[in-house]
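The sequence shown begins at 1 in this note's numbering and counts up one residue at a time.
Read the hints as simulated data drawn from the structure, not as lab findings.
Certain hints may be false.
[Stated by the list, open to error] Calculated lysine-lysine pairs in the DSS-like style (CA-CA distance at most 30 Å, straight line):
id	residue 1	residue 2
1	124	51
2	64	267
3	34	219
4	210	151
5	267	140
6	34	124
[Stated by the list, open to error] Estimated spans, in silico, between C-beta atoms of each pair:
id	residue 1	residue 2	range
7	157	209	47 to 53 Å
8	128	211	50 to 56 Å
9	103	253	45 to 51 Å
Think of the CB as a built atom: it goes at the ideal place given N, C-alpha and C, for glycine as much as any other residue.
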Amino acid sequence: MNSEGIEKQNMEADVNEAASKIQSSQGKDNSKKKIALLVQYVGTNYGGWQKQDNAPTVQGELEKALTRLCKEPIRLQGCSRTDAGVHARFHISHFVSTTTMPIDKIHIAMNTILPGDITVMDAKVVDMSFNARFDTIGKKYSYYIWNNTHKSAFLTPYSIQESRDLDLAAMREAATYLEGEHDFQGFMSQGSPVNSTIRELFEVKVHGEKGQMIRIDVKGNAFLYNMVRIIAGTLLYVGLGKINANDIPEIILSGKRELAGKTLAAKGLFLEEVYYDNEIFNEWYNGEQNLVKYLGI
Numbered sequence: 001m002n003s004e005g006i007e008k009q010n011m012e013a014d015v016n017e018a019a020s021k022i023q024s025s026q027g028k029d030n031s032k033k034k035i036a037l038l039v040q041y042v043g044t045n046y047g048g049w050q051k052q053d054n055a056p057t058v059q060g061e062l063e064k065a066l067t068r069l070c071k072e073p074i075r076l077q078g079c080s081r082t083d084a085g086v087h088a089r090f091h092i093s094h095f096v097s098t099t100t101m102p103i104d105k106i107h108i109a110m111n112t113i114l115p116g117d118i119t120v121m122d123a124k125v126v127d128m129s130f131n132a133r134f135d136t137i138g139k140k141y142s143y144y145i146w147n148n149t150h151k152s153a154f155l156t157p158y159s160i161q162e163s164r165d166l167d168l169a170a171m172r173e174a175a176t177y178l179e180g181e182h183d184f185q186g187f188m189s190q191g192s193p194v195n196s197t198i199r200e201l202f203e204v205k206v207h208g209e210k211g212q213m214i215r216i217d218v219k220g221n222a223f224l225y226n227m228v229r230i231i232a233g234t235l236l237y238v239g240l241g242k243i244n245a246n247d248i249p250e251i252i253l254s255g256k257r258e259l260a261g262k263t264l265a266a267k268g269l270f271l272e273e274v275y276y277d278n279e280i281f282n283e284w285y286n287g288e289q290n291l292v293k294y295l296g297i
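Using the sequences provided together with the hints, build the complete structure.
Right, here's the structure in full:
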C-alpha cells in the first residue's frame, strides 16, 4: 500500500475511533430535536453553499458528515446561500434529528470528518419553530481589497488586489449615500427573479488606509443577488475617480445597472454575521474579527 493509501486508512481509523467514543457517551434522549450549527468556511473550492449535482458544496459536505454521525439522512437549512467562491466566518444552519449524540460533541465529531476548509464552531438545540433562513432580520458582509503594489500569497485567496491609489475619503462619502432604505435595482445582477428590489442598509463603512487592506462592511436587512459585490465595485470606482461620490444618489434612483461599478470577484467577500430577533446566539458573537486580524498583518 502506498503512503496515500496508508494516510487515508489512518484517517478512516481516527474517524471511526472518534465516532465510537461519541456513541459510548450518548444519552438516552432519542426524541426529534432541532439543532443549529455555527459554521466557518473558505469558499474557494466550492460551488457555493447550496447543494447541487455538478459541484462540491458546503451544504453537501456538512450533510454527508451529519448523515454519517447521526446515522440517518440529514437535510440542512442555511441562513444564506452564498455563491461559489464566497467565504463565511459566521454561518448559521439548522437540521432536525433524533440523534442521541451529546450536543457539545457534535462539532468535535464533525471536524474529524469534514475537509479542512469547513469548520463547525459549535452546535446547540433550538426551538422547533426556529428557521435559520427565514428568521434572519439582517446580515453583515465584508469585502476585502488589498491596496498595495506587492502581491501577497496569504491574501490572494481572500481579497482582490488594487495597486493604484484610492481616494478613501471619497469612498467613505459615497458609502453614506448607500445607507438607508432604497430601491437597489441597479445594484443587482441582471435576470435575478425577486418580488421587490427595495432593501435597507443599516451601515456601509470603509475601513483601512492607503497601501493596506481596505475592508468594506455592509450591514442590511436583506440583499439582492451580487448586491454587496456590486456595492464594493462601485465604491472602488469612486476611489479610482471613475464615479463621483455625489453621483451615488442619482445612480440609485436611475435603477440602471450600467451606471454602477463592476461586480467584484467572489473571493473577496465574507459573510461576517447573521442577526436574529432573539438572543439565542448571543454567546456566538465574539466581537469584531477580520482577515487582517486572522493573518496578523
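Going down the list of hints, with the structure as the test:
1. 124 / 51: holds (23 Å)
2. 64 / 267: holds (25 Å)
3. 34 / 219: Within the cut-off at roughly 28 Å; holds.
4. 210 / 151: Satisfied, since the Cα-Cα distance of roughly 15 Å is no more than 30 Å.
5. 267 / 140: With a Cα-Cα distance of about 16 Å, the restraint between residue 267 and residue 140 holds, given a limit of 30 Å.
6. 34 / 124: Holds, because 9 Å separates the two Cα atoms, which is no more than 30 Å.
7. 157 / 209: 47 to 53 Å: violated (22 Å)
8. 128 / 211: 50 to 56 Å: With Cβ atoms ~51 Å apart, the hint holds.
9. 103 / 253: 45 to 51 Å: With a Cβ separation near 50 Å, residue 103 and residue 253 satisfy 45 to 51 Å, so the hint holds.
The structure does not agree with numbered hint 7 stated previously, though it agrees with all others.
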